[in-house]
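Participant: Take the sequences, apply the hints, and build the full model.
Taken in order, these protein sequences are the chains called A and S.
Counting in the working numbering, the first sequence tops out at residue 246, every number present.
Counting in the working numbering, the second sequence tops out at residue 246, every number present.
If you're looking for bench data, these hints aren't it; they were derived computationally from the structure.
Glycine included, each C-beta is placed from N, C-alpha and C at the ideal position.
You may find that some hints are simply not true.
[Unchecked claim] Here are some of the chain S residues that sit facing chain A, going by a computed Cβ distance under 7 angstroms:
1) Pro31
2) Gly58
3) Val59
4) Tyr74
5) Gly116
6) Val128
7) Ala163
8) Gln215
9) Glu221
10) His222
In case you want the letters, here they are:
There are 2 protein chains.
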Amino acid sequence: MSQQRQGSTPGDAGGVPAFPDLPEATIARLPEYLRALHHLAETGAETVSSEGLAAAAGVNSAKLRKDLSHLGSYGTRGVGYDVALLIDQIEYILGLDKNRAVCLVGVGNLGHALAGYAGFASRGFRVVALFDADPSKVGERINGLTVRHIDELSEVAAEESLAIGVIATPPGSAQAVADVLVAAGVTSILNFAPGVLSVPPNVDVRKVDLAIELQILSFHEHRKASLTALPGGRSAAAGNQEAFGS
Amino acid sequence: MSQQRQGSTPGDAGGVPAFPDLPEATIARLPEYLRALHHLAETGAETVSSEGLAAAAGVNSAKLRKDLSHLGSYGTRGVGYDVALLIDQIEYILGLDKNRAVCLVGVGNLGHALAGYAGFASRGFRVVALFDADPSKVGERINGLTVRHIDELSEVAAEESLAIGVIATPPGSAQAVADVLVAAGVTSILNFAPGVLSVPPNVDVRKVDLAIELQILSFHEHRKASLTALPGGRSAAAGNQEAFGS
DNA sequence: CGCGATTTGTGCACGCCTTCACAAGCGCCT
DNA sequence: AGGCGCTTGTGAAGGCGTGCACAAATCGCG
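Facilitator: Right, here's the structure in full:
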């Protein structure tokens, strides 16, 4: 994933710290740390060691310390990290204090589920509008929202300041929907449709392809099967995660 | 993702080629190449150049050539790659010629959608069983399958030689379900529940966390917002993909 | 048969990320 | 007040992945 970044924004206004220049790999892990921290906060923990948090997030403790060091020194040597403070910091960096509005296009099988997915609301995202191109779906109510026709997208975007759009349409419609989203001013897209989207350079696209995940697992199955059929009964370990007392 | 691998399996039985030692990054891209190749095959193309296939898959052509070179020389200089041959090769490597059986645990909001997701069946995976712990869900019919109680999982696994399990339960149940799957002999797990799973080293886990994807996009929104508020109106490009004439 | 156009396969250099190992800093206990 | 144990933050090394640039190979045409 070849994201690139360059703004270190040295002297900035207000009391907010300058926007740090985080490695992409770190960014991808921050949400995982955040989830683990929320879990710890619920159990009443005031502080965590890098070792403890790393275990809860399924990573190496050195990696975790380096990641957190990129956003400043919020730990205390000999003690650990202040859970509440770290949560605030990560949420600020991720921009989750904005309670971002998300719209979803494509209310088919998958879109239906996403519209009702509790994990979005509980982690700072509000699904504010549902769209579909199929007239027979327009008007349907899902989880308190009414499905609207995709032609209304630009109007809604103007009212709600939509920044993030989710595409859950069949592959053939994905590019057209992306074009509509971009035209409406959406600058971040989460795409569940297989295929490559073409968007302007200022728009971010992340892709989730469920079949690809299965295919990768299938490869490892194939590999494991061809290994166990051989002499050395090597354990052939692969990407696991550490324990996490449920 | 710290997968590791070591078996180059030098001299092997039968006519099948020795199992190559592919970089993890390459493996993750093979499914994307495969999808693009199928698309090309439908349009009647006999051969593709690395440039053309790379564009269709949204990657650099040099990267594509290096990836393909890892699985052997299946291209012809001056001509390109044989589409049908390459499809067979990639499907063999990914183990998709086995038509793998998949079971799904957790028939809630998301699980319901996954059970009916057409993208699985169309790409070599058969969802053969649905499970849930909630007695009120057991017996429900979804897409031609009947939801069974999770206690029956081990019996079904014995009949169907299940290798891949999908977890779509609430976070609190995910670890328990993983334990059941592992006990039943499942060695690959696709986990949609937030949190870290603890499994034996021979079991592969891939995680898909929809909220994390949104959080990463939210970060980029935050970054872009703090950049546009500054002097140099840099374009601030990020991970896009190339065109793909639909 | 030879030549030019085209495209693959790959050696090499560069940069990012991970991991180790340790110095610096903090709190607690005596 | 001093010392001791614990934990963070980071310098340095190594590995992995990417992309360039070019040699090697193949086809088609005259």
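Participant: Are there hints from earlier that the structure breaks, and if so, what are their numbers?
Facilitator: 3, 4, 6
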